[in-house]
Amino acid sequence: MADSKKSTDGPAVSDREAWDYTCLPDWDDDFDDEEGMLAFASALAAPEISPSEEDLLNPSRQHTEFITALNDWKPINQRVKGKSENRPDRRKGKRKKKSQRGRDETREGWTYTLVKYPLLLFVFGWLFALSVGYFITRLYVYFYEQYVTWRGKRNRLRLRLRDQTNYHDWIRAAHDLDRYLGNDKWREEEESSYYQSRTIRRVLTEMRTLRHRAEDDERGRSVRGDTASHPVHSLRSLAEACVKNNFSGYEDVHLYSETYYGTKDLIQAYVDEVSATLKFLFSSNQLSQEEKRELAKRISTNFGRTALCLSGGATFAYYHFGIAKALLDADVLPDVITGTSGGALVAALLGTRTNEELKKLLVPALAHRITACHDAPSTWVPRWWRTGARFDTIDWAYRCSWFCRGSMTFLEAYQRTGRILNVTCVPSDPHSPSILANYLTAPDCVIWSAVLASAAVPGILNPVVLMHKTASGKLEPYSFGHKWKDGSLRTDIPLKSLNLHFNVNFSIVSQVNPHINLFFFSSRGSVGRPVTHRKGRGWRGGFIGSAVELYIKQDLTKWLKFLRHLELLPRPLGQDWSQIWLQRFSGTITIWPKSIMSDYWNILSDPTMDRLGRMIHAGQLAAWPKLKFVSNRMVIEKVIEDARQATRPPHQPLPTPMPLDKQLRSFLSEDDLTALLEKAKSSGRHVEIPSVAVTPSEDGYSNNLKPPSNSSRPDSPSLSKRFSGWFGSKSQSPSRASAETVRPNMSELRLSGMDRRRPSVLEEIKRQTSVLFDDGEPEESGTEVSGEDVSASDGHDDTEDEDGTSSPNENGAADDLLMWRHDRSRPPQRLR
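Plus 6 on top of the position in the sequence shown (first one is 1) and you've got our numbering.
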């Protein structure tokens with residue numbers, strides 16, 4: 007459920023604290039990285055890599071002139087003034103201008119040359135006529151709603167709803183408006199054409215009955231002989247079958263578009279019951295830890311994840327602050343966040359700060375740090391004429407680094423906050439695919455360089471080079487120094503990539519693009535904003551108005567696709583601009599903050615505190631109607647995610663270190679934590695945590711779980727070393743690959759006082775040949791290790807390779823935790 011308490015919210019827009027920039031976290035820290043900025047400036051000044059260095063240095067290469075572009079504004083077809091011998095002979099005529107399309111793209115004949123420009127003139131004229139018609143239609147719908155729909159008490163309740171400053175008061179105003187419009191009766195009716203109400207009712211009844219019976223078994227009220235017939239196993243099977251994305255249509259957006267707050271009572275009861283059932287299953291003692299882990303894994307795959315997608319839009323992107331504030335105050339901010347262009351800057355702030363820091367940052371005083379457009383026209387006009395870009399790239403890098411907490415990488419941001427930050431970048435060449443930078447695809451990429459690349463609109467900012475951080479902390483060019491630019495040109499909302507990398511199938515899109523915002527029109531209402539015409543059963547502006555609006559918009563899209571597929575559109579600045587109109591801009595839930603005309607005038611200017619405060623409040627008003635739908639989704643998703651973290655086996659290495667506040671739960675299972683809690687209650691004092699889960703160090707890793715300096719897996723022992731281990735070399739080898747392959751020699755056994763019977767020949771052969779397999783499971787032989795073979799470690803073992811270099815032991819910490827779980831009578835220790 008969404009948190010509607012005022013006490014848990016951050017400072018409201020009207021609070022005095024929200025206007026004091028000294029209350030911002032790190033307000034006086036610029037996070038300067040002079041060496042990194044110098045490396046970035048050097049990478050920007052480096053020449054393009056085409057033609058390749060091998061071709062330029064080849065002595066047999068014929069003498070050719072190397073021409074490159076100075077900027078995107080005037081690429082290579084620029085007029086050059088020089089001596090008369092460099093000019094073309096006038097008698098031979100003017101030099102033909104080079105075509106922007108390559109030879110492979112020109113497949114047309116004389117008919118293309120004859121028909122191209124008349125066809126372009128006709129299509130552009132028809133698009134202009136359609137745009138005028140669309141404007142008249144929207145004007146008609148506006149006056150229809152103002153003077154026909156919104157009148158009397160209905161209008162007063164609507165204005166009261168828009169005047170609220172917090173989510174708690176907004177809910178009460180929404181209930182009053184729903185009660186007046188009669189939407190309460192719609193909630194009580196179970197039947198609807200948008201979902202299977204009978205299936206939901208049947209599953210709800212059976213799930214509730216099985217949960218009550220399983221809870222009785224948990225309390226010991228009933229005893230059954232057959233374990234497989236226990237209600238908890240039937241309840242687990244039912245949960246695996248029903249906890250899925252949009253099961254029986256219960257997540258259809260139309261079910262939340264009939265009221266200002268809430269949905270059908272049956273759907274709300276089903277969501278509450280699913281949440282209660284999952285909490286019981288993952289905390290029940292009737293299921294083993296392995297069963298809980300498998301259940302959480304299957305349900306997580308079927309249910310999917312939620313992502314917050316922030317679109318581009320220049321300074322319109324500051325509306326994202328209000329939407330993020332509404333989600334954060336309600337405690338439903340998703341862990342997966344993606345941003346493009348201006349939205350990438352907001353996403354970087356959300357992905358590098360904790361919840362406590364964000365509640366203090368998402369206030370009007372944040373305008374003190376938004377100073378990207380500080381240059382006067384006397385400064386940026388000559389720069390634009392000289393370089394083709396209005397803004398200076400290095401200056402933007404300095405100012406953007408504060409929002410990214412300096413030169414923080416995507417992996418470091420994930421380790422700090424637990425949120426998965428994604429930034430869309432498009433390569434400057436038209437052939438390479440765009441990338442979605444995150445801690446999986448580009449873990450060492452510096453965030454501020456990706457934000458700059460995602461905001462590099464031609465004519466506004468020149469393409470930039472992505473930077474990555476080396477193991478020593480230095481910044482170097484990423485991806486061979488290729489340059490990247492604005493992600494909105496191709497993929498404003500990267501839903502396919504999010505689904506591929508993180509199983510995202512539920513998206514919350516905050517859409518503020520100014521060229522798309524003009525065409526947003528929900529004819530049948532949207533989530534939390536029903537159509538009040540004919541008590542929610544009608545169309546906005548009547549059926550005729552909605553039909554004309556839909557026809558004109560679809561016809562505009564048709565002609566734009568016609569121009570793109572016939573390759574008739576020109577390419578200003580060498581860029582195909584058709585995708586800025588024809589790509590997907592919506593998600594499962596699409597939030598459209600209400601903009602005003604002055605936003606278009608200030609589209610490339612820094613906001614004042616007053617203007618930023620208005621934009622934050624407008625973003626909150628746009629997000630509050632969606633929070634009930636989002637909370638019903640997140641309440642189930644959070645239970646599943648918590649269960650996956652709690653049931654992760656200790657011997658399974660994490661693909662990425664968890665945030666600091668979740669590492670202890672990853673190392674210790676639920677049974678271990680329960681045992682520690684019972685011991686603490688019985689003793690009445692603190693209980694020492696096992697040494698395998700010691701306090702993490704500054705770099706975010708546990709002392710015993712530090713990764714190796716290089717990301718590659720250590721090489722397995724050579725065959726000669728394995729043979730030497732079989733025949734029992736008397737001199738102890740300095741190379742100890744892992745705890746599984748270490749065998750104490752005879753002298754060690756004598757010193758330890760271990761008197762054991764010599765094994766048989768078959769047992770010895772079986773034991774010695776087991777070293778040929780690098781399995782991660784320890785042998786449960788019960789063999790004790792003497793005290794001389796056990797010593798404390800600082801987190802890794804130095805094992806020597808064939809070349810004499812040492813590499814850390816990756817499996818040692820996991821093996822220690824397994825030994826501690828098998829024998830809890832003694833504290834865990836590290837094997838040498």
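Incorrect hints may have been included.
Unchecked claim - Derived pair list, reagent style DSBU-like, types lysine-lysine, alpha-carbon separation capped at 30 Å:
| # | residue 1 | residue 2 |
| --- | --- | --- |
| 1 | Lys564 | Lys122 |
| 2 | Lys159 | Lys12 |
| 3 | Lys366 | Lys644 |
| 4 | Lys285 | Lys564 |
| 5 | Lys159 | Lys191 |
| 6 | Lys502 | Lys122 |
| 7 | Lys12 | Lys564 |
| 8 | Lys303 | Lys12 |
| 9 | Lys365 | Lys11 |
I should point out that these hints are in silico values taken from the structure, not numbers from a laboratory.
Results of checking the hints against the structure:
1. Lys564 - Lys122: holds, 18 Å
2. Lys159 - Lys12: holds, 28 Å
3. Lys366 - Lys644: Status holds; Cα separation ~24 Å.
4. Lys285 - Lys564: Roughly 49 Å separates the two Cα atoms, so the pair is violated.
5. Lys159 - Lys191: Holds: Lys159 and Lys191 sit about 20 Å apart, inside 30 Å.
6. Lys502 - Lys122: With a Cα-Cα distance of about 35 Å, the restraint between Lys502 and Lys122 is violated, given a limit of 30 Å.
7. Lys12 - Lys564: Not OK: Lys12 and Lys564 at ~48 Å, beyond 30 Å, violated.
8. Lys303 - Lys12: violated, 35 Å
9. Lys365 - Lys11: holds, 14 Å
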